[in-house]
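Start from the sequences, fold in the hints, and give me the full structure.
Chain residues, written in single-letter form:
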Amino acid sequence: MSLTLIVASKASPASFGALAVAAQVNMAKPQTVAVEYRDAANLEAEGAGKATALIKYNGENYDTTNAIIRLLGRLVPESSLYNVTDPISSTLVDRWLDFAESKLATADFKALDVSFKELNKYLTLRSYLVGYQPSLADFAVWGALKGSPVFARLLKTKKESAGLYLARWFEYIASLDAAQLAVKDLQNAAKPAKAAKSSDQGKF
Amino acid sequence: LEVSGEKFDGITTICKYLASKTQPQLLGEGKENQAEVEAWSNWAITAFKGVTSKELNAALQKLNEQLTSRTFVVGNQISLADLIVFAHVHHTSKNLRVKSTPNVLRWFDLIQNTVVIKNDLVKNFAPLEINLDDVPEPEAP
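Going down the list, the protein sequences come from chains A and B.
All residue numbers for the first sequence refer to my numbering, where the first residue is 777 and numbers rise by one.
All residue numbers for the second sequence refer to my numbering, where the first residue is 129 and numbers rise by one.
Hints may contain errors.
Derived DSS-like pairs (lysine-lysine); straight-line CA-CA distance at most 25 Å [stated by the list, open to error]: (1) A/893 / B/227; (2) A/934 / B/222; (3) B/190 / A/935; (4) A/897 / B/222; (5) A/897 / B/190; (6) A/786 / A/932.
Keep in mind that the hints were calculated from the coordinates and are not lab data.
This is the structure:
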């Protein structure tokens, strides 16, 4: 099985969730997903319209974060990211994927505040969104928050109003190798011109 | 614990020795974390044994504060500090309350599920039943 995840490196919000899941899948099963970047804000050139991340598999296009990560989680059960054999746990994961898509992809501060509070309360006694290890739910919600300027500002300036439980969980997920790799890769892909420039300067 | 003629005593020393032989990542990643793991392990041994209930509460408050911004006691992964502190908190786990020490309770549930239940240690560490949704509304900042 060979999969290629195509990501628009200038997209806003960036595809952190899909990239982190791809990285986690590659850790469980090396070289399963190749990641390619396109220097654009969306993937119109790939025939994917406004989509910012895309996997073409068996003649189908998977062009939303949730479609992509569900596909990866199902195709690579070794990653234990999407407990498909356990109906309760996979349903809970689905619930948080829907939450990330419908409640977090907005710039409306008031609506976001309600969602942050809901997440914060839910995480009072939980270290992960579902069960006792990272799942698609953690990476999808982390990715959505990571791409939210509202959340970034809140976390930086008034952590308490983002919610201390939410902040603790967010920083923990961000510290996982897959999340760090996603952020680093995307940064590198988004600034190739700058990086080349500074290495030039080094020569003089 | 006796290893090839040499005797080791002290809980932390024994745990450290066993960890270094089998799972060195439990000692902490990097020198700073290793020192912190050691400090918390030593703290647990004195903070929970033969103390008054006032001292016990203070110890739990200190742990609760440490776990406010951290998933595990030290660093971003499980370490010896979690295991040793857990073993000491377990005696008093029935007294953990979501109102006073929510972070300890959350961490306790994480360790009991990832360590105790997975490794079938339920006989030694009876699991504490926790309703994860029975939580108070967080106070407004």
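* Can you give the numbers of the hints that this structure goes against, from lowest to highest? -> Going through the list in order, the structure violates hint 2 alone and respects the others.
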